[in-house]
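Chemist: Here's the letter readout for the chains.
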Amino acid sequence: MDIIQLLFIFVLAAFLGYELIKKVPSQLHTPLMSGSNAISGITIVGAILALHTDTGYFALILGFLALILATINVVGGYVVTDRMLAMFKNKESKK
Amino acid sequence: MSPSLINFVYIVASILFVLGIKMLGSAKTARKGNLISSVGMLMAVVVTLLYKGLDFKYIVVGLIIGGAIGLVAAKRVKMTAMPEMVALFNGFGGLASLLVGWAEYEKIRGQGFLEYFTRQDAPVIFTSTVIVLAVLIGGITFTGSIQAWGKLSGKLGSRAVIIPAQRLINGAIVGGIVLLSLLFIFSGNLELSSGTQLAIFLGVVLLSLALGVLGVLPIGGGDMPVVIALLNSFSGLAAAAAGFVILNNVLIVAGCLVGCSGLILTIIMCKAMNRSLTNVLFSGFGSSTQKTGA
Numbered sequence: 001m002d003i004i005q006l007l008f009i010f011v012l013a014a015f016l017g018y019e020l021i022k023k024v025p026s027q028l029h030t031p032l033m034s035g036s037n038a039i040s041g042i043t044i045v046g047a048i049l050a051l052h053t054d055t056g057y058f059a060l061i062l063g064f065l066a067l068i069l070a071t072i073n074v075v076g077g078y079v080v081t082d083r084m085l086a087m088f089k090n091k092e093s094k095k
Numbered sequence: 001m002s003p004s005l006i007n008f009v010y011i012v013a014s015i016l017f018v019l020g021i022k023m024l025g026s027a028k029t030a031r032k033g034n035l036i037s038s039v040g041m042l043m044a045v046v047v048t049l050l051y052k053g054l055d056f057k058y059i060v061v062g063l064i065i066g067g068a069i070g071l072v073a074a075k076r077v078k079m080t081a082m083p084e085m086v087a088l089f090n091g092f093g094g095l096a097s098l099l100v101g102w103a104e105y106e107k108i109r110g111q112g113f114l115e116y117f118t119r120q121d122a123p124v125i126f127t128s129t130v131i132v133l134a135v136l137i138g139g140i141t142f143t144g145s146i147q148a149w150g151k152l153s154g155k156l157g158s159r160a161v162i163i164p165a166q167r168l169i170n171g172a173i174v175g176g177i178v179l180l181s182l183l184f185i186f187s188g189n190l191e192l193s194s195g196t197q198l199a200i201f202l203g204v205v206l207l208s209l210a211l212g213v214l215g216v217l218p219i220g221g222g223d224m225p226v227v228i229a230l231l232n233s234f235s236g237l238a239a240a241a242a243g244f245v246i247l248n249n250v251l252i253v254a255g256c257l258v259g260c261s262g263l264i265l266t267i268i269m270c271k272a273m274n275r276s277l278t279n280v281l282f283s284g285f286g287s288s289t290q291k292t293g294a
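Protein chains in written order, with this note's numbering: chain A, 1 to 95; chain B, 1 to 294.
Honestly, the hints are just simulated from the structure, not real lab data. Each residue gets a CB set at the ideal place from its N, CA and C atoms; glycine is no exception. Don't take every hint at face value.
Listed below are the simulated BS3-like cross-link pairs for lysine-lysine, each with C-alpha atoms no more than 25 Å apart in a straight line [to be verified]:
hint, chain 1, residue 1, chain 2, residue 2
1, A, 22, B, 271
2, B, 271, B, 22
3, A, 22, B, 28
4, B, 28, A, 23
5, B, 75, B, 32
6, B, 78, B, 28
7, B, 75, B, 28
8, B, 32, A, 23
9, A, 22, B, 32
10, B, 22, A, 23
Computed footprint of chain B on chain A; a stretch qualifies when at least three of its residues, placed anywhere within it, have a C-beta under 8 Å from a C-beta of chain B [what the hints assert, rightly or not]:
hint, stretch
11, 2 to 14
12, 18 to 25
13, 33 to 39
14, 42 to 55
15, 60 to 66
16, 74 to 87
Computed footprint of chain A on chain B, listed as stretches where at least three residues anywhere in the stretch have a Cβ under 8 Å from a Cβ of chain A [to be verified]:
hint, stretch
17, 27 to 34
18, 219 to 232
19, 248 to 262
Based on the sequences and whatever the hints tell you, model everything.
Modeler: Shown next as structure tokens:
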């Protein structure tokens with residue numbers, strides 16, 4: 001893809017991120033942080049693509065480590081967020 | 001599967017991320033929002049596997065190891081220890097982006113610039129700039145988050161620590177990073193040898209890791225959640241930078257969404273404490289050396 005196009009979507013995504021978060025109740029700050037942390041594990045896609053068959057040995061090790069770490073970030077991030085929010089729901093229903 | 005079809009699925013995944021973040025902002029829909037964003041992530045991962053020439057044995061093993069560690073850690077962690085777990089996960093994400101940037105740099109070194117850039121539709125200066133950014137932001141995120149994890153879990157002591165001449169040292173590190181980054185970016189023009197370039201690159205890696213440690217050192221106590229929110233924003237930006245290295249739109253969109261929403265969240269959290277972000281980052285609030293009655 002063209003770099004200019006990619007910069008273009010980068011700028012649009014920045015504004016979108018701003019608009020999405022403007023009004024959030026304070027008790028949701030931590031789950032929101034945790035949930036978006038899981039999304040930042042999207043670098044998992046970059047790690048998968050780094051593991052090309054024609055990659056050199058050292059780059060392969062780097063990509064493999066990146067993949068493990070990113071997968072921990074993604075899986076752990078989503079599960080922890082879900083647990084947080086489940087706890088949240090229990091509290092509400094008890095009231 | 002053709003690249004345009006893969007990119008189409010990436011667009012769908014991006015939409016799910018946007019919806020997910022939006023729904024996370026309201027108590028009623030938050031849990032569903034998290035689920036929707038995880039579906040987006042699954043789609044992005046599965047469709048990426050359809051690219052040609054991938055080394056599947058490493059991918060499968062990596063996914064299984066990482067998935068198992070992440071699942072067990074997230075299931076076992078106590079409710080009260082969740083914030084530091086998020087910090088730790090965030091640090092792993094940052095390190096992953098650093099390693100993706102490094103792996104691409106190794107590919108460039110291995111194949112030679114000419115071979116690499118016949119496949120890549122970007123100028124050399126652009127790619128070396130975004131490689132430096134991915135490594136730099138990823139490195140700061142990694143050690144900063146590990147430090148935040150250590151402080152929150154009490155392993156490193158939760159107080160703010162002020163070391164002598166801290167600002168001077170941090171200033172020198174930032175200066176060093178700027179200098180080495182510029183040297184790396186223009187190393188092609190400066191006709192530096194591959195070995196010199198690698199040394200400069202490793203210098204940037206080490207300095208950014210050091211900056212993460214020293215940057216979070218003077219922050220403590222009640223300010224830690226703000227720092228984690230900021231580091232979360234950084235890990236998004238690192239992923240976006242890695243996305244620019246490999247010219248991948250889903251990394252850029254998702255990374256930038258997290259980067260920007262994380263930054264806004266950080267500022268909202270600071271406002272809730274009636275402080276400014278610079279005050280939180282540089283004041284050394286609650287430090288052991290701070291004089292009383294100030």
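Chemist: The structure should be examined with respect to each hint, and the outcome stated for every one.
Modeler: Consistency of the hints with the structure:
1. The hinted pair formed by residue 22 (chain A) and residue 271 (chain B) meets the criterion: a straight-line CA distance of about 13 Å does not exceed 25 Å.
2. Using a Cα cut-off of 25 Å, the hinted pair residue 271 (chain B) and residue 22 (chain B) holds, with the two alpha carbons roughly 21 Å apart.
3. This hinted pair checks out: residue 22 (chain A) and residue 28 (chain B) have alpha carbons roughly 17 Å apart, not beyond 25 Å.
4. For the proposed pair residue 28 (chain B) and residue 23 (chain A), the alpha carbon gap of about 15 Å is at most 25 Å, so the pair holds.
5. Between residue 75 (chain B) and residue 32 (chain B), the direct Cα distance comes to roughly 19 Å. Compliance with the 25 Å bound is thereby established for this hinted pair.
6. The straight-line distance between the Cα atoms of residue 78 (chain B) and residue 28 (chain B) is roughly 24 Å, inside the 25 Å bound, and the hint therefore holds.
7. Restraint check: the Cα-Cα separation between residue 75 (chain B) and residue 28 (chain B) comes to about 23 Å, which is no more than 25 Å; the hinted pair holds.
8. Between residue 32 (chain B) and residue 23 (chain A) the alpha-carbon distance is near 18 Å, which keeps this suggested pair within the 25 Å criterion.
9. Among the hinted pairs, residue 22 (chain A) with residue 32 (chain B) is consistent with the structure: their alpha-carbon atoms are about 20 Å apart, no more than 25 Å.
10. At most 25 Å may separate the alpha-carbon atoms for a hinted pair to count; residue 22 (chain B) and residue 23 (chain A) meet this at roughly 10 Å.
11. Chain B is given as covering the stretch 2 to 14 of chain A, and this holds because 7 residues of the stretch bring a CB closer than 8 Å to a CB of that chain, at least three being needed.
12. As drawn, the stretch 18 to 25 of chain A meets chain B at 7 residues by the rule of a beta-carbon pair under 8 Å; at three or more, the given contact holds.
13. With a cut-off of 8 Å between beta carbons, the stretch 33 to 39 of chain A has 7 residues touching chain B; three or more are needed, and the interface restraint holds.
14. Counting residues of the stretch 42 to 55 of chain A whose CB lies closer than 8 Å to any CB of chain B gives 14, which reaches the minimum of 3, so the coverage claim holds.
15. Under the rule that three or more residues need a Cβ within less than 8 Å of chain B, the assignment of the stretch 60 to 66 of chain A holds, with 6 such residues.
16. Beta-carbon proximity to chain B at under 8 Å applies to 14 residues in the stretch 74 to 87 of chain A; the threshold of 3 is reached and the given coverage holds.
17. A count of 5 residues in the stretch 27 to 34 of chain B with a Cβ less than 8 Å from any Cβ of chain A is obtained; the coverage claim is therefore met, three being the minimum.
18. Closer than 8 Å: that is the beta-carbon criterion, and the stretch 219 to 232 of chain B has 4 residues meeting it against chain A, so the requirement of 3 holds.
19. Under a criterion of three residues with beta carbons nearer than 8 Å to beta carbons of chain A, the stated coverage of the stretch 248 to 262 of chain B is upheld, 15 such residues being counted.
In terms of the numbered hints stated before, the structure departs from none.
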